[in-house]
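Student: Chains as they are written, first to last, in this note's numbering: chain A, 74 to 480; chain B, 24 to 207; chain C, 19 to 137.
Hints were generated in silico from the structure; no laboratory data involved.
Values in this document were obtained by computation on a predicted structure and should not be read as measured data.
Heads up, the beta-carbon is just placed ideally off N, CA and C, and yes, glycines get one too.
Among the hints, a few may not be true.
[Claimed, not checked] With the C-beta cut set under 7 Å, the calculated list includes, among others, these residues of chain B facing chain A:
1. F54
2. P77
3. F78
4. A81
5. V84
6. L85
7. G89
8. L96
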Amino acid sequence: MEQLYIDLENYLGIGTDSVPEVVRLAIAVLVLGTIFLLAPILTIWVERKVAARFQNRIGPNRTGPYGLLQSFADVLKLIGKEQIMPAHADRIPFLFAPLLMVVSVIMITAVIPLMPNYIGADLSIGALYFVAIGSLSTIAVVMAGWGSNNKYALLGAFRTVAQLISYEIPLVFSLLVPVLFAGTMSMVGITQAQADLDYWYIFLAPASFLIFLFSNLAEIGRTPFDLLEAESELVAGYQIEYSAMPWGMFMLSEFLHAFLIGPLVAVLFLGGWDGPFAEDVPVLGVVYLVIKSMAVYFLGMWMRATLPRFRIDQLMEFNWKFLVPLSIANLLIASFLWELFPEPAGGGLVDNFPRFIVMGGSSLFTLMVGLEFLRRKSVEDRERIARLIDEKNYPLATADQTGVAGD
Amino acid sequence: MELTWELVAFLGFAVMTLGSGLMVVTSSNLFHSVLFLMTSLFGVAGLFVLLVAPFLAAIQVLVYIGAIAVLMLFVIMLTRQVMSRPELYNQQMAGALVAAAILFLALLFVLTPLADEIGGDVAQVNAEVIAEADDAPDVDYITVEELGRAFVTRNGFVLPFEVTSILLTAAMIGAIVVAREDEA
Amino acid sequence: MLDVYAPVAPLFILAILVGGIILILSRLMGPSKPHARKVATYESGMRPIGPAVRRLPVQFHRVGMLFILFDIEVIFFIPWALVFRDLGFYGLAVMGVFFYVLLIGLAYEWFAGGLEWEQ
Chain A
74 MEQLYIDLEN
84 YLGIGTDSVP
94 EVVRLAIAVL
104 VLGTIFLLAP
114 ILTIWVERKV
124 AARFQNRIGP
134 NRTGPYGLLQ
144 SFADVLKLIG
154 KEQIMPAHAD
164 RIPFLFAPLL
174 MVVSVIMITA
184 VIPLMPNYIG
194 ADLSIGALYF
204 VAIGSLSTIA
214 VVMAGWGSNN
224 KYALLGAFRT
234 VAQLISYEIP
244 LVFSLLVPVL
254 FAGTMSMVGI
264 TQAQADLDYW
274 YIFLAPASFL
284 IFLFSNLAEI
294 GRTPFDLLEA
304 ESELVAGYQI
314 EYSAMPWGMF
324 MLSEFLHAFL
334 IGPLVAVLFL
344 GGWDGPFAED
354 VPVLGVVYLV
364 IKSMAVYFLG
374 MWMRATLPRF
384 RIDQLMEFNW
394 KFLVPLSIAN
404 LLIASFLWEL
414 FPEPAGGGLV
424 DNFPRFIVMG
434 GSSLFTLMVG
444 LEFLRRKSVE
454 DRERIARLID
464 EKNYPLATAD
474 QTGVAGD
Chain B
24 MELTWELVAF
34 LGFAVMTLGS
44 GLMVVTSSNL
54 FHSVLFLMTS
64 LFGVAGLFVL
74 LVAPFLAAIQ
84 VLVYIGAIAV
94 LMLFVIMLTR
104 QVMSRPELYN
114 QQMAGALVAA
124 AILFLALLFV
134 LTPLADEIGG
144 DVAQVNAEVI
154 AEADDAPDVD
164 YITVEELGRA
174 FVTRNGFVLP
184 FEVTSILLTA
194 AMIGAIVVAR
204 EDEA
Chain C
19 MLDVYAPVAP
29 LFILAILVGG
39 IILILSRLMG
49 PSKPHARKVA
59 TYESGMRPIG
69 PAVRRLPVQF
79 HRVGMLFILF
89 DIEVIFFIPW
99 ALVFRDLGFY
109 GLAVMGVFFY
119 VLLIGLAYEW
129 FAGGLEWEQ
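Isolated chain A (complex conformation) (with noise of 0.2 Å):
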């Protein structure tokens, strides 16, 4: 946080003396915070253009060069739309909700390190911040289902909760790796064992990088996971009577939460701000974060655009049944794999290779253990609801297949 200082005074060409420390506290916060209100905006547009090229379609191209300013035209559109209070809604909570949701996300972005020395607060239980903040917007969640009044609204709010705390095991329990690798819950300290070491903690752990990945997937609620919107069943679930601003707030908070993971996972396993030069041009290390991010976010994009969604029942099994015994798994297996071929005295690409081959191999191994008995399972399930259909004359929805939790 000095060198936070000292380098905007720097940059910004404010004088140590004639602020006090609160101004420029202050300022440093303002400018992260802005950096990273305004991203969304420019991923939302982003996403808007790889999702349309998925579906062979151009994208937005009227407002602005490229389409450029379509997400601040939709900004502009909503903040003059009307916010309609819903009859015998629950107001404080219903009002409250969106803010929540907002903050809860926007509170994340102190612990990410930018570049060398840059970051919001280096706190010494950094990783375990970020997933402790993000369990508030669960009840942002509820507030928001609750305050509507409304079946879907009430429905979906409790499914999503439920999606929400499970994947948080998984989630953490792959985060553990890196940091039982570098001996630190700092997102700084993980960044910087990880710039001594020359190479990533993706190397050592493909598995736990997979796994934390798509847990981060499932907590912001996208394909393959967006049960919680569930357009065809329940029409937009915690969401569905808001409107206006409010609504963007929900909208806004899922696309920074989205982009915020493609941080999270490049500090924990792909080195964050490390790569060539990074240490002496610390700018360079901005510039290789973004590029690991955006590389993460097109990643998630990818899934979006190419999975279904899960049922539910699917979506609980894979989570308790999968990744969450993979992911002990694989934190036991690293550990072990980490004592049995300890760090080489040299380090380096060239001698770390051995180890590279054993650890990943083997969780990589483990994933395709996992992956297999998971293919057994769903071509065993698959045949069950054939079987069934074709012995009692089902009509072709059953219980089973909509997945719609009975009462």
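With chain A held as given, fit chains B and C onto it using these hints.
Tutor: Relative to chain A, chains B and C alone:
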């Protein structure tokens, strides 16, 4: 008393904790009570941060707000009696007030001598602690790691640590037995 | 000591301010013409039937319980993971025993069908 940022934060969190704590017991809507309970617990997490126990604060948010309070919401929604009667009024306000007052006095009489015994001048002790903490900026890094070491050392808590896993297993089995649908 | 947390508080205030200002701005700029049909609870175009607040299926409770247990389990892993590098195989053995007992619980849960959404 000097007005520092820490003091401002402490007062803010204290008001948050106590105020929403009061709302928990006076609110007539069970759902609102749980929301206030969450706010109150969040205030406690803030107090933990001020006490240089960030790990405890994170766990407070993660487990108490993120898990236990959410389970309370689930339980409220599961209970038919409560759902059909959203407004619940407390008819034993007077008794509760007397009990709370007695408890408060008891705590006061127990804790005040204890504080005298430990510290003597509380302000002086605080100043010493703050001075020490300033000398060692990494002090909160150490506490979680010390906890980790204490969990595994033979003279420390290795036996309680292992026994905890039995407790958790028992709870896991209990959870499924309780939630069996055929017995519900 | 608490200086590391200094940026979190202004960020919190900034987040609330930004969110609040946008919401209030939207309220001021947008029209407000409530109408009985407009504010009525949305139920796919039908008149709402019965109360909006229904009893939840019991599965949600089970998931909540499972989550608490695993959350606590995770929290026991964290301090261990932080010091793991200094502990060596001894630390691994301690965690192995801890996890082995939990594995029994997990296995019971699995075979009793506790991990399934619909029993």
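Student: Checking hints one by one. Is L85 of chain B an interface residue toward chain A, by the C-beta closer than 7 Å rule?
Tutor: 5 Å, holds
Student: Next item in the hint list is G89 of chain B. Is there a CB on chain A closer than 7 Å to its CB?
Tutor: Holds, because the Cβ-Cβ distance from G89 of chain B to chain A comes to roughly 4 Å (cut-off 7 Å).
Student: Was the hint right that F78 of chain B lines chain A, CB cutoff 7 Å?
Tutor: 6 Å, holds
Student: Taking the least C-beta to C-beta distance, is A81 of chain B closer than 7 Å to chain A?
Tutor: 4 Å, holds
Student: Mind checking the CB of F54 of chain B against every CB in chain A and telling me if the closest is under 7 Å?
Tutor: 6 Å, holds
Student: Holds or violated: is the Cβ of L96 of chain B closer than 7 Å to a Cβ in chain A?
Tutor: 6 Å, holds
Student: Hold the hint about P77 of chain B up to the distance rule: shortest CB distance to chain A must be less than 7 Å.
Tutor: Holds. Min distance 5 Å.
Student: Hey, does the V84 of chain B contact hint survive, CB to chain A under 7 Å?
Tutor: 4 Å, holds
The structure is consistent with each of the numbered hints, conforming to all of them.
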